[in-house]
Structures are given as structure tokens and as C-alpha cells.
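Following the hints, complete the assembly by docking chain B onto the known chain A.
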Amino acid sequence: DAKTTQPPSMDCAEGRAANLPCNHSTISGNEYVYWYRQIHSQGPQYIIHGLKNNETNEMASLIITEDRKSSTLILPHATLRDTAVYYCIVRPSRLGRAAGNKLTFGGGTRVLVKP
Amino acid sequence: DTGVSQNPRHKITKRGQNVTFRCDPISEHNRLYWYRQTLGQGPEFLTYFQNEAQLEKSRLLSDRFSAERPKGSFSTLEIQRTEQGDSAMYLCASESGTSSLEQYFGPGTRLTVT
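Protein sequences appear in the order of chains A and B. Here the first sequence is numbered in our numbering, starting from 1 and rising by one per residue. Here the second sequence is numbered in our numbering, starting from 116 and rising by one per residue.
Okay, chain A solo, but in the shape it has when bound (with noise of 0.2 Å):
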């Protein structure tokens, strides 16, 4: 699986937008970019993932350049709950099939939110 590169930490604060990189340059075509994020000492929690159009729900929005070699995840309006460790992981599609998606966790960045 392709590996991701992302900053080790970042702050933001309370009620603003924050916007989370990560590098993918060697991502292959059948490769989604996966969002988890893990609030400490909880398990990881899903977010968000893509293929090569940005995607929105609920939580965030992921927006991924056109050469697929990097992604953002954007929290519209952080709150004091968003500060985690957030992971950003690309994994193939093998829906249906008996072979494993296992993620691969790298460093993840560590967002502080502060009031």
C-alpha cells in the first residue's frame, strides 16, 4: 500500500476551519484515501475517504487534487471534541473479495484544538 506523508502536529482554534494535509505521492489508480482519527484512549473513529472526487459528510469534507498525489481534510468548525490524532491512510477496494483491507497507520498528525 502507498504511503502517506503528514505533519506530526498542528493547532487550531475553536470555531475556525481546520485543514489537514497529507502526501500521497505514490498512490496507485484502484487506491482510496481513508480519514480515521483517534480521540486518546479510544479506538479510531472513521471519517472520511475518497477515491479522486471531494467528498462532504457530516464530520468533514475531503478534498483530493486532480494528480491524486495529496489530499485535505477540512473540519469546517473545530471544536474542543476534534482534538485527536488523525490518520491518513490509502488502501486499495477490495470489496467482496476474501483479501483483507488492513490499514496501514502511519504518524498521523496530532490536532490540538484550543479554545
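Simulated from the structure, these hints should not be mistaken for lab results. Predicted, not measured: the structure shown is a model, and the values here were computed from it. Treat the hints with caution; some may be incorrect.
Unchecked claim - Pairwise CB distance ranges (calculated):
(1) Ser181(B) with Asn54(A): 42 to 52 Å
(2) Gly118(B) with Pro115(A): 30 to 40 Å
(3) Ile63(A) with Asn133(B): 47 to 57 Å
(4) Gly15(A) with Ser181(B): 28 to 38 Å
(5) Thr104(A) with Gly200(B): 13 to 23 Å
(6) Ser120(B) with Thr104(A): 32 to 42 Å
(7) His125(B) with Pro115(A): 28 to 38 Å
(8) Gly15(A) with Leu170(B): 42 to 52 Å
(9) Arg137(B) with Gln42(A): 37 to 47 Å
Unchecked claim - Partner residues aside, some chain B positions facing chain A, computed with beta carbon under 10 Å:
(10) Gln152
(11) Gly221
(12) Gly223
Quick reminder that beta carbons are idealized off the backbone N, C-alpha and C, glycines included.
Same frame as chain A, now just chain B:
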């Protein structure tokens, strides 16, 4: 609450003892994953089940580790002759595999080996 439960939440054991953890995934999910997370690191993949079949194991899964999913529902992870290096958070995740590929994680079992 993701619908994935793990027990116990915390386990303290002495070196050399055996421990067993349990994971109950979301009932309709046929895929189940185990990960291990040490302090300050991201989770690392250990093993994967499709229904009751264990289809992939990481090199991290030494001979002292064994995992089962006997009826394709709950899963157990056993560590024999625990070592201090086994101290970590053990996470379980379930995935539909047919309708979606999001993995839903349990709260984890934190193991401390003294």
C-alpha cells in the same frame, strides 16, 4: 459507541502468564481485524478473519500469539507466556466487506505486563 465491544478493557498480568482477549464485532460484519498499538505509535495490523477463516497474519504475530473466530462471530486473541514487550493496546475492528469498507473499532484492551 461503534457497536464493537472488547473485554476486558484493562488487563494487568505478570510476565510469563497467559492472557486472552475477546472481541464482539458488529453482528452482520463478516470481516474482523486485530491491531496492536504501543504508546505514541499508530495501530499495527496483527491478523484478519473473513468469517471463521484466518486469512492473513502479520509477522508481528509471533508463535506466542493465537487468534480464533470459531463461528464467524466473536473472536479471541490469546498471548501465551507474556513478555513486557507485549504491553500495548489491543484493538479489534469489524468491517462489512460486502457493502462498505469502513472499519469500526472497539475501545481496545490495554494490556500491562509487569
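- Item | Hints not upheld, ascending by number | Hints 4, 6, 9 not satisfied by this model.
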